[in-house]
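Let's have the full structure, built from the sequences with the hints guiding it.
There are 2 protein chains.
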Amino acid sequence: MVWALAIHGGAGAIVEALSDDHRNAVEQTLPRIADVGATMLRGGGSAIDVAEQLAVELEECELFNAGRGAVLSVRGTHELEASIMDGDSGRAGACCGLKTVRNPIRLARQVLERTDHVFVAAPGAEDLAKEWQLPCVPNDWFTTDRRRRQLDEFLAAEQDDRMHHATVGAVVCDAEGRVAAATSTGGMTGKLPGRIGDAPMIGAGTWADTRVAVSGTGLGERFIRAGTARMVSARVELLGEPLPVAAAAVLDSMPPESGGLIAVDTGGVVALPFTSQGMYRAWATGAGIVGHAIGPTIGGP
Amino acid sequence: MVWALAIHGGAGAIVEALSDDHRNAVEQTLPRIADVGATMLRGGGSAIDVAEQLAVELEECELFNAGRGAVLSVRGTHELEASIMDGDSGRAGACCGLKTVRNPIRLARQVLERTDHVFVAAPGAEDLAKEWQLPCVPNDWFTTDRRRRQLDEFLAAEQDDRMHHATVGAVVCDAEGRVAAATSTGGMTGKLPGRIGDAPMIGAGTWADTRVAVSGTGLGERFIRAGTARMVSARVELLGEPLPVAAAAVLDSMPPESGGLIAVDTGGVVALPFTSQGMYRAWATGAGIVGHAIGPTIGGP
Numbered sequence: 001m002v003w004a005l006a007i008h009g010g011a012g013a014i015v016e017a018l019s020d021d022h023r024n025a026v027e028q029t030l031p032r033i034a035d036v037g038a039t040m041l042r043g044g045g046s047a048i049d050v051a052e053q054l055a056v057e058l059e060e061c062e063l064f065n066a067g068r069g070a071v072l073s074v075r076g077t078h079e080l081e082a083s084i085m086d087g088d089s090g091r092a093g094a095c096c097g098l099k100t101v102r103n104p105i106r107l108a109r110q111v112l113e114r115t116d117h118v119f120v121a122a123p124g125a126e127d128l129a130k131e132w133q134l135p136c137v138p139n140d141w142f143t144t145d146r147r148r149r150q151l152d153e154f155l156a157a158e159q160d161d162r163m164h165h166a167t168v169g170a171v172v173c174d175a176e177g178r179v180a181a182a183t184s185t186g187g188m189t190g191k192l193p194g195r196i197g198d199a200p201m202i203g204a205g206t207w208a209d210t211r212v213a214v215s216g217t218g219l220g221e222r223f224i225r226a227g228t229a230r231m232v233s234a235r236v237e238l239l240g241e242p243l244p245v246a247a248a249a250v251l252d253s254m255p256p257e258s259g260g261l262i263a264v265d266t267g268g269v270v271a272l273p274f275t276s277q278g279m280y281r282a283w284a285t286g287a288g289i290v291g292h293a294i295g296p297t298i299g300g301p
Numbered sequence: 302m303v304w305a306l307a308i309h310g311g312a313g314a315i316v317e318a319l320s321d322d323h324r325n326a327v328e329q330t331l332p333r334i335a336d337v338g339a340t341m342l343r344g345g346g347s348a349i350d351v352a353e354q355l356a357v358e359l360e361e362c363e364l365f366n367a368g369r370g371a372v373l374s375v376r377g378t379h380e381l382e383a384s385i386m387d388g389d390s391g392r393a394g395a396c397c398g399l400k401t402v403r404n405p406i407r408l409a410r411q412v413l414e415r416t417d418h419v420f421v422a423a424p425g426a427e428d429l430a431k432e433w434q435l436p437c438v439p440n441d442w443f444t445t446d447r448r449r450r451q452l453d454e455f456l457a458a459e460q461d462d463r464m465h466h467a468t469v470g471a472v473v474c475d476a477e478g479r480v481a482a483a484t485s486t487g488g489m490t491g492k493l494p495g496r497i498g499d500a501p502m503i504g505a506g507t508w509a510d511t512r513v514a515v516s517g518t519g520l521g522e523r524f525i526r527a528g529t530a531r532m533v534s535a536r537v538e539l540l541g542e543p544l545p546v547a548a549a550a551v552l553d554s555m556p557p558e559s560g561g562l563i564a565v566d567t568g569g570v571v572a573l574p575f576t577s578q579g580m581y582r583a584w585a586t587g588a589g590i591v592g593h594a595i596g597p598t599i600g601g602p
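These protein sequence lines map, in sequence, to chains A and B. Anchor point for the first sequence: position 29 equals 29 in the numbering used here, and the numbering is continuous, going up by one each time. Anchor point for the second sequence: position 42 equals 343 in the numbering used here, and the numbering is continuous, going up by one each time.
Watch out, some of these pointers could steer you wrong.
Calculated pairs, DSS-like style, for lysine-lysine (alpha carbon to alpha carbon, straight line, at most 25 angstroms) [stated by the list, open to error]:
hint : chain 1 : residue 1 : chain 2 : residue 2
1    : B       : K400      : A       : K130
2    : B       : K400      : B       : K431
3    : A       : K130      : B       : K431
4    : A       : K130      : A       : K99
5    : B       : K400      : A       : K99
Just so you know, the hints here were simulated from the structure itself, not pulled from any lab data.
Okay, here's the thing in structure tokens:
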């Protein structure tokens, strides 16, 4: 079997909004993180372990809207959410409303492993994180100057909707043909306290089964109302469509510029479609296909 | 166009567990509530208004696990959740973790109507309820002696898993061929604080679009991991299956005795499949088909 992975750091009208410094930072970071996953997979790592670790790496990077560097709610605080699904077992874990859990995806994984539940909200979810001794930080540890500025612009009604809905995510097919998906986010700038987006919703922003794994990013409410991630698999299962066809068809059924998704199937095929102007993304496979991009590309998966 | 509606009050291993008094109360209540919806639909009520009102009636009835009569979490408190989706507009509203909102489905409807969000968790969701002046009650207003006893049995490890995962729900096709779905629940007896089930998850326990409306009930985590409600519509859309075939196929793809669902399509066809021992349910259509049942039936929809 050929392993494969893809990661994303959000989709939106991002291309012209980028400073050269920011673009350079993103372009150095995406392949570096993808390589962490590739190394794990070459060493026999499982899809679920690699998906979790890739999401942790993206959460730890302040360039992206998850973990440190997450966007701020209308109250100037962070509420983080994440989900993970293991296609092989069909098990899933998700959490939302987190204020102090440093790596939301790690909590989602532990919900999957340690409970009979799938989805747990704070404060109950934070209690579990403490019980399980996951690293916690003060809420303002997640804050960066850039996100503070974006909230100020939002509150002054000057925000331009660029990348304020983004998430991070990873999809992985391991050398045994098992797939997994992970998604993590700070939500959207200026969101109402308690707003849950698509990232922690199994079937909306995240899905994995015995066929495909999917992680979405963009205007979360649209992903919820379309059941986006679940539908990619449904088309593969019910219509027999190749993954890239199914993934593009689901995005095309949504309103224009809703965002994008990354997907992989159990044969190691990767699809990275988006209907927004760009999507931060990188990919790697055991067949030697490696790359990263922000705007539209010709020739990438 | 022929209007149609169905309601459910939960699915599980319920038949032999019922006292005669309880069975009689359920058998009187289900058709009475269905008739509330039928009267609204004859008067030109919209699918979304009728679905909301039917869920309110079920929440207000202490026989069922939603609103008053909801089950208790492991801490002896209630955390209520609900969702509603309007097939015609594709809009949805959902809320979870509610402790004082008397009718969770009314808050879900207001999230749909008044915000750009779909899903809001408490305490933010409770703040919205207060801002919008929805009726609130003390948390123990929801408690009944029966639910307290069930929690005591659960904590003593004597619980038998009967009807402790139930929800209530409604699906409606109005005289203009629009469909809507609503689901509300107290969750599962002894749940961890913060546990979110399938009821408030669009695509898992609730779905409506321009083809069908679906409300599920049973072992919520299984509905989340199957994307149950979304998949019923996917099969109708992608395979052209009649609704009863699609609904049964999705349930059959899940583990045995996962629960049941109620569904209606825009032509007024009703499907009420379940793989548990029974499902509290009632149905009515403008073509004069009316009924209710708890266990398996021959001849109902």
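Each hint, compared with the structure:
1. B/K400 / A/K130: 23 angstroms, holds
2. B/K400 / B/K431: Holds: B/K400 and B/K431 sit about 12 angstroms apart, inside 25 angstroms.
3. A/K130 / B/K431: 31 angstroms, violated
4. A/K130 / A/K99: Cα-Cα ~12 angstroms, so holds.
5. B/K400 / A/K99: Holds, at roughly 20 angstroms.
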